[in-house]
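Asks: Taken in order, these protein sequences are the chains called A and B.
0 is the number of the first residue of the first sequence in numbering that gives the first Met the number 0; add one for each residue after it.
0 is the number of the first residue of the second sequence in numbering that gives the first Met the number 0; add one for each residue after it.
It is possible that some hints are incorrect.
To be verified - Pair ranges (Cβ atoms, derived): (1) Thr31/A to Lys201/B: 25 to 35 Å; (2) Leu291/A to Gln21/B: 24 to 34 Å; (3) Ala22/B to Gln289/A: 52 to 62 Å; (4) Gln21/B to Val391/A: 42 to 52 Å; (5) Gln21/B to Gly133/A: 54 to 64 Å; (6) Phe197/B to Thr31/A: 41 to 51 Å; (7) Gln21/B to Gln289/A: 27 to 37 Å; (8) Asp53/B to Ser406/A: 51 to 61 Å; (9) Ala22/B to Pro129/A: 39 to 49 Å.
What the hints assert, rightly or not - Covered stretches of chain B, going by a simulated chain A footprint (3 or more residues, C-beta under 8 Å): (10) 42-55; (11) 123-130; (12) 138-152; (13) 196-210.
To be verified - A short, non-exhaustive set of chain A residues, derived as facing chain B with CB atoms under 8 Å: (14) Arg146; (15) Asn150; (16) Pro151; (17) Met188; (18) Leu191; (19) Gly208; (20) Pro209; (21) Asp210; (22) Gln217; (23) Asp224.
Derived by calculation from the structure, the hints in this document are not laboratory data.
The structure displayed is predicted, hence computed values, not measured ones.
Ideal Cβ placement from N, Cα and C applies to all residues, glycine included.
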Amino acid sequence: MNETIRIPQTRPRFSATFDEYTLSEIRRAAATGIYDIRGAGTKRKLPHFDDLLFLGASISRYPLEGYREKCGTNVVLGARFAKKPIELKIPITIAGMSFGALSAQAKEALGRGASIVGTSTTTGDGGMTPEERGHSSILVYQYLPSRYGMNPDDLRKADAIEVVIGQGAKPGGGGMLLGQKISSRVAKMRNLPQGIDQRSACRHPDWTGPDDLEIKIQELREITDWQKPIYVKVGASRPYYDTALAVKSGADVVVLDGMQGGTAATQEVFIEHVGIPILAAIRPAVQALQDLGMHRKVQLIVSGGIRTGADVAKALALGADAVSIGTAALVALGDNDPSLEAEYQKLGTTAGAYDDWHEGRDPAGITTQDPELAQRLDPIMAGRRLANYLSVLTLEAQTIARAAGKSHVHNLEPEDLVALTVEAAAMARVPLAGTSWIPGQNGS
Amino acid sequence: MTNQISTQIVDLRSNPVRELNQALHSLSGGGSSKHWRVLHPLGAHAVAAGLDADVTVEIDGDVGYYCAGMNQRAIVIVNGSAGPGVGENMMSGRIYVRGDASSAAGATARGGTLVIDGNASARCGISMKGIDIVVKGSIGPMSAFMAQEGTLTVFGDAGEALGDSIYEAKLFVRGKVKSLGADCIEKPMEDQHFRELFEKLKEAGVAHEIDVTDFRRYGSARNLYHFHVDNAGAY
Numbered sequence: 000m001n002e003t004i005r006i007p008q009t010r011p012r013f014s015a016t017f018d019e020y021t022l023s024e025i026r027r028a029a030a031t032g033i034y035d036i037r038g039a040g041t042k043r044k045l046p047h048f049d050d051l052l053f054l055g056a057s058i059s060r061y062p063l064e065g066y067r068e069k070c071g072t073n074v075v076l077g078a079r080f081a082k083k084p085i086e087l088k089i090p091i092t093i094a095g096m097s098f099g100a101l102s103a104q105a106k107e108a109l110g111r112g113a114s115i116v117g118t119s120t121t122t123g124d125g126g127m128t129p130e131e132r133g134h135s136s137i138l139v140y141q142y143l144p145s146r147y148g149m150n151p152d153d154l155r156k157a158d159a160i161e162v163v164i165g166q167g168a169k170p171g172g173g174g175m176l177l178g179q180k181i182s183s184r185v186a187k188m189r190n191l192p193q194g195i196d197q198r199s200a201c202r203h204p205d206w207t208g209p210d211d212l213e214i215k216i217q218e219l220r221e222i223t224d225w226q227k228p229i230y231v232k233v234g235a236s237r238p239y240y241d242t243a244l245a246v247k248s249g250a251d252v253v254v255l256d257g258m259q260g261g262t263a264a265t266q267e268v269f270i271e272h273v274g275i276p277i278l279a280a281i282r283p284a285v286q287a288l289q290d291l292g293m294h295r296k297v298q299l300i301v302s303g304g305i306r307t308g309a310d311v312a313k314a315l316a317l318g319a320d321a322v323s324i325g326t327a328a329l330v331a332l333g334d335n336d337p338s339l340e341a342e343y344q345k346l347g348t349t350a351g352a353y354d355d356w357h358e359g360r361d362p363a364g365i366t367t368q369d370p371e372l373a374q375r376l377d378p379i380m381a382g383r384r385l386a387n388y389l390s391v392l393t394l395e396a397q398t399i400a401r402a403a404g405k406s407h408v409h410n411l412e413p414e415d416l417v418a419l420t421v422e423a424a425a426m427a428r429v430p431l432a433g434t435s436w437i438p439g440q441n442g443s
Numbered sequence: 000m001t002n003q004i005s006t007q008i009v010d011l012r013s014n015p016v017r018e019l020n021q022a023l024h025s026l027s028g029g030g031s032s033k034h035w036r037v038l039h040p041l042g043a044h045a046v047a048a049g050l051d052a053d054v055t056v057e058i059d060g061d062v063g064y065y066c067a068g069m070n071q072r073a074i075v076i077v078n079g080s081a082g083p084g085v086g087e088n089m090m091s092g093r094i095y096v097r098g099d100a101s102s103a104a105g106a107t108a109r110g111g112t113l114v115i116d117g118n119a120s121a122r123c124g125i126s127m128k129g130i131d132i133v134v135k136g137s138i139g140p141m142s143a144f145m146a147q148e149g150t151l152t153v154f155g156d157a158g159e160a161l162g163d164s165i166y167e168a169k170l171f172v173r174g175k176v177k178s179l180g181a182d183c184i185e186k187p188m189e190d191q192h193f194r195e196l197f198e199k200l201k202e203a204g205v206a207h208e209i210d211v212t213d214f215r216r217y218g219s220a221r222n223l224y225h226f227h228v229d230n231a232g233a234y
């Protein structure tokens, strides 16, 4: 009797190490011989604010009435040395993004949206445009290594100055604005020929190290007659020491950008493998401020992956004075909108994943210098959307703060938080939920 | 501060730099004194930084970092040597350093003229964006790194990696160049370049001191203007 024995087959198995994305990147690299450049921040899963929870009020804590009892959100920046500190109505600012990387319409929309809700926007590499100054009630002027468009008149027109040492997407890296985004206006502002790739330097040309930085800050204060708050922005890598050195150098404000923070154009390998998540960076920075007796005297602005009012509240509870948003602000303007899916498909991508911002072909008209594409963005409507979004973030943060019994969002504290994972507990230095265990603290 | 007939004299032993700069900044709207003399700078930083006025400031002694930084319109004369970043990001006006200058002289400057009688250290004219720099002595390594616009003229020698990653700035060197940086090449000196150099030296008030035919010209090969993997070894 013949009986066919059917041998069960194992299913094709994909490697966790060589996953689909990794394989595609190997093939792309093999075909081109050049690394991948893209915009935005890290896309890998990281310990983040989602791994924290608020405890809320209980028998021992007294909540505030939602919609009735006041919960303040204002923040004063720069009172340490500046004669004219700035006051924001909400603790959420717009991060530095350049005209060049973004269209003039997008910069205008950011200014309009931020101004409606009483917060600041920030210039970027490439200098200040009159439109940007005109539409931003509070404008922070970035002082960058490339000094593209750097102009003392603009320095004096700014409400604050941000000395950029680095950014979260690429601590230690410069940038490259590719030729297709170098319109005649962008080229003129940067004193470079039109259409060439423009390298943004990774180091400042006229100083190195913290002792020099102190003298550079002194010069900037002298030039602006000690009126403007001076921020120092660093990418999160060694937050304790960078914060301490920024304070020592005379900063009014420290801006700390985690690796989730976006970029206009950087190598994928840089974005994904250099720097640390913002969750891991806030507590060491706050510790440095506390050790120096400067917490709340030198303000700390943190950024990198802020999406919701819960993220805002968590960052503040960990000790920040304010947060900054970039990627989320662009999404609020209309970046990666599903209504543009057909056009994203033509670019070989899909809504939500589009990150080739450096190529200047953004169908949303945001990360482009193409006049036809840029014209698609209505700065008034987009600005309104940003203002709405900022209002929601603020309301959400207030909701949480009231639930924790706080009359100001700055009264949120680490004791209001617990962590869902051991990693997040160690990084944020708050207990694992349901325990009193903070890994790495008290010898544990 | 002592008020003399036509010259304001400020002694930095008794008046802080802050007071000096505040007084000089107040001239932006037009002031009576067109000539200022600063005594005993003793290496102070940011002396006469951020000026925006038709005024002459003469500093008797050595200055620290960023003297005349971001200068607009003013003439600043240093009767001594200058620390790093003299005339950094200058927009217009003139700066004369009678002694030597430290590193990053004229860094990122977008206009005006900087004349250094002595030598300039490393990274002279780094990232310059339109300034004309004349160094009567020699310059250090990595000078004119990523230089974008303007001219750098050197009567003496240049250190290694001159003009590394240079854009459209023009370099004229009379002496030896230790080495050229990535994408910087020697270019032929033709009539128009002799004329251009003469005009620049004339503007700086030093044309009579030197023969322009002694100079060689350096600038960008423009091979690195667009990133290409075949050039990766050049970076």
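Asks: Give a verdict on every hint.
Replies: Against the structure, the hints:
1. Thr31/A to Lys201/B: 25 to 35 Å: violated, 51 Å
2. Leu291/A to Gln21/B: 24 to 34 Å: Given a distance of about 29 Å, which is inside 24 to 34 Å, the answer is holds.
3. Ala22/B to Gln289/A: 52 to 62 Å: With Cβ atoms ~40 Å apart, the hint is violated.
4. Gln21/B to Val391/A: 42 to 52 Å: Distance hint for glutamine 21/B, valine 391/A holds at roughly 45 Å.
5. Gln21/B to Gly133/A: 54 to 64 Å: violated, 29 Å
6. Phe197/B to Thr31/A: 41 to 51 Å: Since phenylalanine 197/B and threonine 31/A have Cβ atoms about 48 Å apart, the given range 41 to 51 Å holds.
7. Gln21/B to Gln289/A: 27 to 37 Å: Taking Cβ atoms as reference, glutamine 21/B and glutamine 289/A lie about 35 Å apart, which means the hint holds.
8. Asp53/B to Ser406/A: 51 to 61 Å: Between aspartate 53/B and serine 406/A, where Cβ atoms are some 55 Å apart, the hint holds.
9. Ala22/B to Pro129/A: 39 to 49 Å: Hint violated: Cβ distance 30 Å, outside 39 to 49 Å.
10. 42-55: Since three or more residues must qualify, the claim that chain A covers the stretch 42-55 of chain B holds, with 5 doing so at under 8 Å.
11. 123-130: Held - the stretch 123-130 of chain B has 4 residues with a Cβ nearer than 8 Å to chain A, which meets the minimum of three.
12. 138-152: Our answer is that it holds, as 4 residues pass the Cβ test (under 8 Å) against chain A, meeting three.
13. 196-210: violated (count 0)
14. Arg146: At about 4 Å, which falls below the 8 Å cut-off, the nearest Cβ of chain B leaves the hint on arginine 146/A intact, so it holds.
15. Asn150: Where the cut-off is 8 Å and the nearest Cβ of chain B is about 7 Å from asparagine 150/A, the hint holds.
16. Pro151: holds, 4 Å
17. Met188: violated, 11 Å
18. Leu191: Since the shortest Cβ distance to chain B is 6 Å, the answer is holds.
19. Gly208: violated, 12 Å
20. Pro209: violated, 14 Å
21. Asp210: violated, 10 Å
22. Gln217: holds, 6 Å
23. Asp224: Cβ of aspartate 224/A sits 6 Å from chain B, so the hint holds.
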